[in-house]
Structures are given as C-alpha cells and as structure tokens.
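Participant: Residue numbering for the sequence shown follows UniProt numbering, beginning at 1 and increasing consecutively.
Because the hints were derived from the structure by calculation, they are not lab data.
Predicted model only: the values in this text are computed from it and were never measured.
One or more hints might be untrue.
Stated by the list, open to error - In silico PhoX-like pairs for lysine-lysine, Cα to Cα no more than 20 Å straight-line:
id	residue 1	residue 2
1	Lys548	Lys511
2	Lys28	Lys99
3	Lys370	Lys548
4	Lys47	Lys511
5	Lys285	Lys111
6	Lys99	Lys111
7	Lys232	Lys47
8	Lys548	Lys538
9	Lys116	Lys99
10	Lys47	Lys116
11	Lys312	Lys324
12	Lys545	Lys370
13	Lys545	Lys47
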Amino acid sequence: MVSFEPVRVGSASGAVMDLPQNLSILAKHAEVDFIIGDWMSEYNMTKRGAAKASRREPEPAGTAEYEDQFVESLEPALEDIQRRGIRLAVNAGASDAEKLYGEVTALIHSKGLSLKVAWIEGDEVFDAVQNGIDAGHQFTNITTGENLSDWEFDPIYAQGYLGCCGIVEALRAGADIVICGRVADAAPTMAAAAFWHGWSRTHYAELAHSLIAGHLIECSFYVTGGNFSGFKSLAQGTSCLLDPPIAHIFSDGTFEVRKHESGCRSGQVTRDTCRSQLLYELQGKRYYNSDVVALVDQITIEEKEDNVVLVKNIGFDRPPPTTKIGMTAHGGFQAEVHYFFTGLDIQEKAVLLEKQLRTILDTKSMSLLKFTTTGSAATDPASQDLATVDFRVFAQSRDESALSSDNFLRPCFNIVMSTYPGATFATDARQALPKPYLEYFVTILPQALMHHRAHLPGLGLIIDIPAPTDTVPYICHQDIEESATKRAPDSSGPFTSAPMGYVVHARSGDKGSDCNVGFYVRYEDEYEWLCTLLTTSKIMEMLGKDYKGGRIERFELPNIQGT
1 MVSFEPVRVG
11 SASGAVMDLP
21 QNLSILAKHA
31 EVDFIIGDWM
41 SEYNMTKRGA
51 AKASRREPEP
61 AGTAEYEDQF
71 VESLEPALED
81 IQRRGIRLAV
91 NAGASDAEKL
101 YGEVTALIHS
111 KGLSLKVAWI
121 EGDEVFDAVQ
131 NGIDAGHQFT
141 NITTGENLSD
151 WEFDPIYAQG
161 YLGCCGIVEA
171 LRAGADIVIC
181 GRVADAAPTM
191 AAAAFWHGWS
201 RTHYAELAHS
211 LIAGHLIECS
221 FYVTGGNFSG
231 FKSLAQGTSC
241 LLDPPIAHIF
251 SDGTFEVRKH
261 ESGCRSGQVT
271 RDTCRSQLLY
281 ELQGKRYYNS
291 DVVALVDQIT
301 IEEKEDNVVL
311 VKNIGFDRPP
321 PTTKIGMTAH
331 GGFQAEVHYF
341 FTGLDIQEKA
351 VLLEKQLRTI
361 LDTKSMSLLK
371 FTTTGSAATD
381 PASQDLATVD
391 FRVFAQSRDE
401 SALSSDNFLR
411 PCFNIVMSTY
421 PGATFATDAR
431 QALPKPYLEY
441 FVTILPQALM
451 HHRAHLPGLG
461 LIIDIPAPTD
471 TVPYICHQDI
481 EESATKRAPD
491 SSGPFTSAPM
501 GYVVHARSGD
511 KGSDCNVGFY
521 VRYEDEYEWL
531 CTLLTTSKIM
541 EMLGKDYKGG
551 RIERFELPNI
561 QGT
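Could you build all of it, start to finish, from the sequences and the hints given here?
Facilitator: Structure below.
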C-alpha cells in the first residue's frame, strides 16, 4: 500500500496509567487511519521483567506479564476498529507479548470479529547479555559510565528497544493489530507512516521526521496540554479533560500535529505545547532510534491555524548498529516511616530527630538511610494542614531482616516520647514493612544479536527482520555547547526578582538514571538573555544540593525559540 495522502495517526495512551477510554473514543469518533499506544516505561519494564524471571515452574495458571489495562482499553473498541478499518500498533506486551497476542485473539473470536493479529519478538535479550558477559564483553552504563562488572547487582532480566521494521512487515503481511513487547516509543508511529507511504528502511529523511512525529504524540495528552507549564492559557471546554492528539504524516515525512475535536474537552495544540513535548526526554541534538537518527538542530515548528502545527526541517543520520537495553536486578529491600513537624524551629526539630534515629537504628546493616524534610509551614497558618511539614525516614538494605518491624519500624516509633515537641508519626505503617526493590542498568547491545521477528500465527507466517547494516556508531556523550552569545545580560536598568517561570517555559523528562530539562521563551528578544543566563555553571548552581557532580550536556535549539 502506497498513498500520497497523509496517514492520520491517533495516540490512545502514553503510559500504563493513562485513561482507558481513550482507545474507544478514537476508534469510534476520530478521523484516523491508525491508532498507536504506549503502555511501557522503565518502571513496568523492571517490574514485569523481574516477575517473569522469578516465576516458578510449572508456571501458575493465568500468570502473564503484559499490561492488562490495554485489554481493558481494547475490548470496547474492537467493533469500531473493524467497522472503520483502523489499524492498531501498541507497546503493551511488556515481557509477555506472545501471551497478550493470545488474549487479544481470544477476545476477537469471542466477539465474532475477523481482525488479524501479529506480535513482535526480539526485545527480550537476557540470553544475549549473558553470552556477552561469559565472553568477557564489558557492558558500560550509558548514563553513569559504570561497567557492569563493577555493578554490585546481578542481572536477572534484560530487555531492548526494537525499531519499527517488525511492525511494518506485520502490516504488509495483513495484520490489523500488532502487539509489541518493547519497541521504541515512536516506533508504532514510524511503522504506520512507513507502511502507508511505502518507505524502505533507507528512507532516512522521511523516517527521521516520523520519529519526531512519534515522539510528539507518544505521550498522548502531553502535546495537547498535559504537563504543560503554560497550562493556565489553554482553551477550556465544558469538560476539564483533554482531547488526544493526532499526527498527519505526509509522504515526505513532514507532519502536522492536531487533536481530536470532541467538541467538549479542553486543551490545545500550539507551537508551545509542541515545543514542550519536543524537549521532553531530549538529550542532545541527535535523537536516537534503532532505525534512524533524527537531527533536530534545524527543526521548525509553525502554527498553521488553530490546533494545527506543522513540523519540518528535521535532519538525519544513519542508524546505530546498537540499541539501548535495560537490565533488571534485585536490589534488596526498602522501608520508610514518616513523622510530622509543626510550629517553630522546623529545621532544628529535623536535626534532633535524625540524630536520635541514627543513634537507635542499626545503620551498619543498611545500604542507605536518608532523611528528607518536605514542605514548609505557613507563617500564620489558617489550618493544621497549612502548619504541617513531612519528615521521611527512608532505608534500604540487601538483608530483609535488617528492615523487619523489630529492627526498623519499632525503633523509629519508640523514639517518640524523647524527641521534639509535638512529635507525631504517621500511624499508617504499611510502607514501614520491608518490600523488595529493583535496580536498573542501561547500556547498549548490537542489534545483530537480537532475534527480531514478526509473528502472524493466524496466517502461518514468521518474518525475520535483519539488523541494519548501513550504520554509524552510537555517540554516548553528545557535545557540551556553551552559549554563542558572550554578552552579559544588561543589569544597569531597573529589575524585579521573580521566578524564571514568569518568562520561561520548561519541560523535564527522564530515561533510567538520566534526566533532562529544556527551557524555551515566548518571544524572540528573550532568547539571547536565556542563552546568556543558562550556562552549565548556572545550571549547577540552580540544582543546589541536588547536584552530585554528574555530567551536564548543554545545547541550544535556536529555531524553536521565541516567535
């Protein structure tokens, strides 16, 4: 199938916690050709992977490690998906994509429908990692620089990020629904565009644009106003909920971001909401994917009309021979208790309580003991709530018994009679009992070691997806770029001290142990001031005590700043 008309891709989910009804709303009412959805994150990759690795044999009946909220979302949408000829590609299989395939197939049959379902294999890579370890390969953490051999934890599961090619081949073979365990967040959108327009895997310019299209809509409401620092300016409907986004991707890869017009919900698609989502999790001018590298240093984002934003001028490089993988390990156990402070001398009360708890607890048995004071009391509070500050005692240990009730909870509470005035602890102690936690190690693996396949059991097909061969090496640390503007901000005139947010929009994101924050201004004449202000040293200063000496990679995107 090749079309010169744009493919219309609606985003139904950006996380496992998203609204389940999004999928059926898009399937019933939106003008779309494809629906994509992402139910995956590092959180449920570790949780589901650890649970699968810990299963007993034989496997308990009904055990599966996919995201069952997807099934909840899909069930009421299936009739409309078939009736309207909509195709669906989702990141929801977690560690059991094949089992989710079986669940979806059974659901379709129970409704008397004829939709064809495929599932994608290859993201589970623990065997490849183990073989690499046995062969002496040094896996390096791409965010911390730590070698796996120096990591104090033992991997039990590993999962990698596949590209879009398996989805494309499944669609070409006739699939209506494609179930993925872990592909890159943007891969379903890229696949929809590549299938619709007949792109090959070397249509790099087009794929790079579709990668950014997928990035903008992958988190559903984020690009229509969710998590947007300018939320007070958004259009308001009769419902305070937001409309989901739709991308119109053209044959040359350029695309428009729009939203489903429900007629009653709130939110907008504007240049600012698109700039915000572009900066989310962006860690340099090179945006990596298994199929292509998008270069965003010259990207342009233009408002064409209300709720229609055109994005173009995205560069490209060939894909890397590797892809990102995450390894999961058992970290140990953790527990926490909470106290509350009110009135005067909050900091002095925190110092006293911490000193007493460090004296009474067996700190040598703990790998981490952290005390955190959160909030502040109002000067003249009108209620008890406004006068209350939370004090958290958080502990971790490799030994579960070190955090037993006798060794942690009771000593923490037993100090209450001899500590600060008004001492009060939280009586809900469920978090104070030891519970396991997981550790995560992010590295890269050659794509050639991944068994990437598209399975269409209903058609008797298994399609092998070869790794890319026309590649350029992955660059772990991108350039640190100080401002090209050397002129100091003019401070000779009158000034007012105010939060940066009065002038600047910002958006943060995280991937594993890495994080980012992007800043952008509303007007062009503010950009030079922003560049001059936000040097790497200034960012370190702004982070304050939270800055622990890690690498800061600063870069500028002048094309998206101001109006």
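Participant: All the hints need checking, so say for each whether the structure fits it.
Facilitator: Okay, the hints, checked on the actual structure:
Distance hint between Lys548 and Lys511 is fulfilled; the C-alpha atoms sit about 18 Å from each other, no more than 20 Å. As the CA atoms of Lys28 and Lys99 are separated by approximately 27 Å, the hinted pair breaks the 20 Å bound. A C-alpha spacing of about 15 Å is found between Lys370 and Lys548, which places the hinted pair at or below 20 Å, so the restraint holds. About 16 Å separates the Cα atoms of Lys47 and Lys511, which keeps this hinted pair within 20 Å; it holds.
Taking the CA atoms of Lys285 and Lys111, the gap is about 47 Å. The hint is violated against a cut of 20 Å. Straight-line distance between C-alpha atoms of Lys99 and Lys111 comes to about 19 Å, which keeps the hinted pair within the 20 Å bound. Proposed proximity of Lys232 and Lys47 is contradicted: the alpha carbons are some 36 Å apart, above 20 Å. For the given pair, Lys548 sits about 15 Å from Lys538 by alpha-carbon distance, which is consistent with the 20 Å threshold.
Restraint check for Lys116 and Lys99: the C-alpha separation of about 15 Å stays at or below 20 Å, so the hint holds. Between Lys47 and Lys116 the alpha-carbon distance is near 30 Å, which puts this suggested pair outside the 20 Å criterion. About 26 Å separates the Cα atoms of Lys312 and Lys324, which puts this hinted pair outside 20 Å; it is violated. The straight-line distance between the Cα atoms of Lys545 and Lys370 is roughly 14 Å, inside the 20 Å bound, and the hint therefore holds.
A distance of roughly 30 Å separates the Cα atoms of Lys545 and Lys47; the hinted pair therefore is violated under the 20 Å criterion.
Checked against the numbered hints listed earlier, the structure breaks hints 2, 5, 7, 10, 11, 13; every other hint is satisfied.
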